[in-house]
Amino acid sequence: MYAVTDTIWFWLVMVLYLAMLMIFGYVSRKKTKTITDWMVASRGIGPVLLALSYGATYFSAVLIIGSPGNTWNLGEQWLYITFTNLIFGTFVAFLMLGNRSRRMSQKLGAITLPELIAERYQDKSYIRQTSGLILGVFLTIYLVSVYIGMSVLLTVLFPGFEFAFQIAVILCGVVTVSYLVIGGSHGAILSDVVESMIMLVAVVGLVIGGIAIAGGLAQMNANIAADVATAPGPLHATPELWFLFPNTVSMPMIGMAMVTAFGTWGSPQMSTRFFTAKSRKSIRYGMLIACVWVFVVSFCAWFSGAVARGLSPNSSAELASWVTSIGAPSAKAIEYVIPWALVNYFPIWFAAIFLAGVLAASLTTGEKLIIVASGSITRDFWQKGIMRHKNISDEKTLTWTRIFVVIIIVAAILLTLTRPAFILDLCMWAWSCLNAFTLVPYVSGLYWKGGTKRAAFISGIIALVVSILWFFLFYPKWTAGMGLPLFPGVFTATTYIHEFIISQAVAIPAFFIISYFDKNKPDKAFLEDLYKYVKEDTND
Amino acid sequence: MSLLLSMVLLSYVDTGGFDLSIWPTLICGPVVIAIVLIYLLWTEWLGKKK
Numbered sequence: 001m002y003a004v005t006d007t008i009w010f011w012l013v014m015v016l017y018l019a020m021l022m023i024f025g026y027v028s029r030k031k032t033k034t035i036t037d038w039m040v041a042s043r044g045i046g047p048v049l050l051a052l053s054y055g056a057t058y059f060s061a062v063l064i065i066g067s068p069g070n071t072w073n074l075g076e077q078w079l080y081i082t083f084t085n086l087i088f089g090t091f092v093a094f095l096m097l098g099n100r101s102r103r104m105s106q107k108l109g110a111i112t113l114p115e116l117i118a119e120r121y122q123d124k125s126y127i128r129q130t131s132g133l134i135l136g137v138f139l140t141i142y143l144v145s146v147y148i149g150m151s152v153l154l155t156v157l158f159p160g161f162e163f164a165f166q167i168a169v170i171l172c173g174v175v176t177v178s179y180l181v182i183g184g185s186h187g188a189i190l191s192d193v194v195e196s197m198i199m200l201v202a203v204v205g206l207v208i209g210g211i212a213i214a215g216g217l218a219q220m221n222a223n224i225a226a227d228v229a230t231a232p233g234p235l236h237a238t239p240e241l242w243f244l245f246p247n248t249v250s251m252p253m254i255g256m257a258m259v260t261a262f263g264t265w266g267s268p269q270m271s272t273r274f275f276t277a278k279s280r281k282s283i284r285y286g287m288l289i290a291c292v293w294v295f296v297v298s299f300c301a302w303f304s305g306a307v308a309r310g311l312s313p314n315s316s317a318e319l320a321s322w323v324t325s326i327g328a329p330s331a332k333a334i335e336y337v338i339p340w341a342l343v344n345y346f347p348i349w350f351a352a353i354f355l356a357g358v359l360a361a362s363l364t365t366g367e368k369l370i371i372v373a374s375g376s377i378t379r380d381f382w383q384k385g386i387m388r389h390k391n392i393s394d395e396k397t398l399t400w401t402r403i404f405v406v407i408i409i410v411a412a413i414l415l416t417l418t419r420p421a422f423i424l425d426l427c428m429w430a431w432s433c434l435n436a437f438t439l440v441p442y443v444s445g446l447y448w449k450g451g452t453k454r455a456a457f458i459s460g461i462i463a464l465v466v467s468i469l470w471f472f473l474f475y476p477k478w479t480a481g482m483g484l485p486l487f488p489g490v491f492t493a494t495t496y497i498h499e500f501i502i503s504q505a506v507a508i509p510a511f512f513i514i515s516y517f518d519k520n521k522p523d524k525a526f527l528e529d530l531y532k533y534v535k536e537d538t539n540d
Numbered sequence: 001m002s003l004l005l006s007m008v009l010l011s012y013v014d015t016g017g018f019d020l021s022i023w024p025t026l027i028c029g030p031v032v033i034a035i036v037l038i039y040l041l042w043t044e045w046l047g048k049k050k
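In the order they appear, the protein sequences are chains P and G.
Using the numbering used here, the first residue of the first sequence is number 1, and each one after it goes up by one.
Using the numbering used here, the first residue of the second sequence is number 1, and each one after it goes up by one.
Simulated from the structure, these hints should not be mistaken for laboratory data.
C-beta: ideal position from N, C-alpha, C; glycine also.
Incorrect hints may have been included.
[Unchecked claim] Short, incomplete list of chain G residues facing chain P, as computed with Cβ under 8 Å: (1) THR25; (2) ILE27; (3) CYS28; (4) ILE33; (5) ALA34; (6) ILE38.
Bound conformation, chain P alone (with noise of 0.2 Å):
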């Protein structure tokens, strides 16, 4: 067993993270009786805990562990994810979507963003079943790539041991289901509020610990200019472009930043935090909480993939040597550079309780995917969508509800222990095609009053199609043996462009175009009601 899983630090953090997820789950049990209180927390968080609750779905432990390997490998540039994260993924979010979103949200009686699109294009046939489906499916997806995060550091923790991956990702589900079966949303977003201090806490110390480690600033500039100069890598011939930006792998970061920032707008999972908001004044006030939040963790997140480079002029080699030592996969040795840098150069104390920290945030990471998912497939593509007719109540789909929490978790936990290659591509992947069904129709329907059912359908069609096929056709980092992509050679990993920066390039103009050319227009009364309703809060 390795020396941090030796230290009392680590158990303890994990069992009382454990402990205190069990009590959630049974706090939050009184609180939540129907449909409604499962799904969006009975529509009454206040700021504070919805600008956490928005961080904590925002960032999974995967960015503090997958992500620095990126500024690493590619570049400090990859600190200016920071400024779309912020700006756009937060600040625009918040200012342009919140208030509308719970606004409408509340006059239509949507708890999930399926039934809020439907309800605003008056569909009842193929909007709601189509756009469940499909966020059930990718939201699955997408919680596998959160769960593989967690084999990362499995592999640090548990070195040899040959079923600790295993019977960690089950423990993980099972821990999952007991509090989020019980306590819904409620349990959900409180233990968002300790996930989102625990990343704050450890990607702050792990940024100024590391500074102060490697020297100090210039120092560890020095160290990374050096080990860039000498370690292979796509800027081995030109170290000084690391610091640089634009450099000649700026495309990666350019798709990340895009895919981060604007991906927060369609996915169902962040979007219907704002329908858990009490009132006008907790979407204000959550927001600038979760502009300071969002800042210090994007930033230090980043950034701590150049302060582990900079810990040693000769960290590339390092790394490698550690990786082998540990028994883990060398080509995937830039997704270990956070627990390198914290096993080799931090306090044994400090590295277990982070470790044991994202370790046990990863296990609340999926929840928000889990509720999402759920309640996409019972009540959108079922109970509202397929089994429209058959007037099943809410009582039988919040049964059913927390039936396939289990179901998804089991399926997901599946797809994990065959542990598709990489990790933050799938994510990314499976954001974009979320997003390629529901941003557009979601983001007009707040503003616009000419969009139409048909439109938002065929459109959201169009591009999840595109997102699929320009995965499969071009994606340049496909294992090895499948025969993928089925055009090599049109892009490399650092000229890729990503498949959400497509899809949305096509279903925008293609709204449009259908709206203005369908000739079956929204009901007019209709639209002024629910926008006189909207605007009547939101101070605009």
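Assemble the complex: chain P is given as a structure, and chain G must be docked to it using the hints.
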């Protein structure tokens, strides 16, 4: 767009050991937060009220 241009320009300034990749981000964060705070002050307390 101006923010993007300033990011690009600042990156190329020779800072004698301190790279400027981090400084635009570090400055931008508090600036955006200050804008949010001013916006809140104006809409919730000083300006148009509900």
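Do the hints match the structure? See the list:
1. At about 5 Å, the closest approach between the beta carbon of G/THR25 and any beta carbon in chain P falls short of 8 Å, and the interface hint on this residue holds.
2. Because the closest C-beta pair between G/ILE27 and chain P is about 11 Å apart, greater than 8 Å, the hint is violated.
3. Proximity of G/CYS28 to chain P holds as hinted, the smallest CB-CB distance being about 6 Å (cut-off 8 Å).
4. With 8 Å as the threshold, the beta carbon of G/ILE33 comes within range of chain P, its nearest partner Cβ sitting at about 5 Å, so the hint holds.
5. This hint is violated: G/ALA34 has a C-beta 10 Å from the nearest C-beta of chain P, more than the 8 Å allowed.
6. The criterion of a C-beta within 8 Å of any C-beta in chain P is not met by G/ILE38, whose closest approach is roughly 11 Å, and the hint is violated.
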